[in-house]
Amino acid sequence: MCISSSVKARMITEAKLHPALDLLKSGYPVAVCTDDPLIFRTNHTQENKLVQELLGFSDSEMREVHNKSMGYAFN
Numbered sequence: 002m003c004i005s006s007s008v009k010a011r012m013i014t015e016a017k018l019h020p021a022l023d024l025l026k027s028g029y030p031v032a033v034c035t036d037d038p039l040i041f042r043t044n045h046t047q048e049n050k051l052v053q054e055l056l057g058f059s060d061s062e063m064r065e066v067h068n069k070s071m072g073y074a075f076n
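First residue of the sequence shown: 2, per the working numbering; consecutive thereafter.
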């Protein structure tokens with residue numbers, strides 16, 4: 002998911018409304034990424050920081066998010 006692109010493309014009105022946030026909170030493997038960094042003016046660091054702030058996740062929780070999404074992709 003790329004929250005910034007969803008907001009900028011007006012798919013959602015606010016970052017906190019992205020449906021994938023609920024999936025992440027429940028432990029579902031969701032990849033935090035960017036759609037098109039030049040168009041949406043974001044990068045992986047910014048997207049991760051946004052998700053971390055919205056969900057109140059610690060650094061270790063964010064590592065777990067990435068581990069789960071990688072494990073899901075490569076199994």
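Some clues are possibly wrong.
[Claimed, not checked] Below, in silico cross-link-like pairs of lysine-lysine (DSSO-like), each with a Cα-Cα straight-line distance of 27 Å or less:
id: 1; residue 1: Lys17; residue 2: Lys50
id: 2; residue 1: Lys9; residue 2: Lys50
id: 3; residue 1: Lys69; residue 2: Lys26
Worth flagging that the hints you see were computed from the coordinates, not collected in a lab.
Outcome of the hint check:
At most 27 Å may separate the alpha-carbon atoms for a hinted pair to count; Lys17 and Lys50 meet this at roughly 13 Å. Of the supplied pair hints, the one linking Lys9 and Lys50 holds, its CA atoms being roughly 17 Å apart against a limit of 27 Å. With a C-alpha separation of about 13 Å, the suggested pairing of Lys69 with Lys26 holds against the 27 Å cut-off.
Going through the hint list in order, the structure satisfies each hint without exception.
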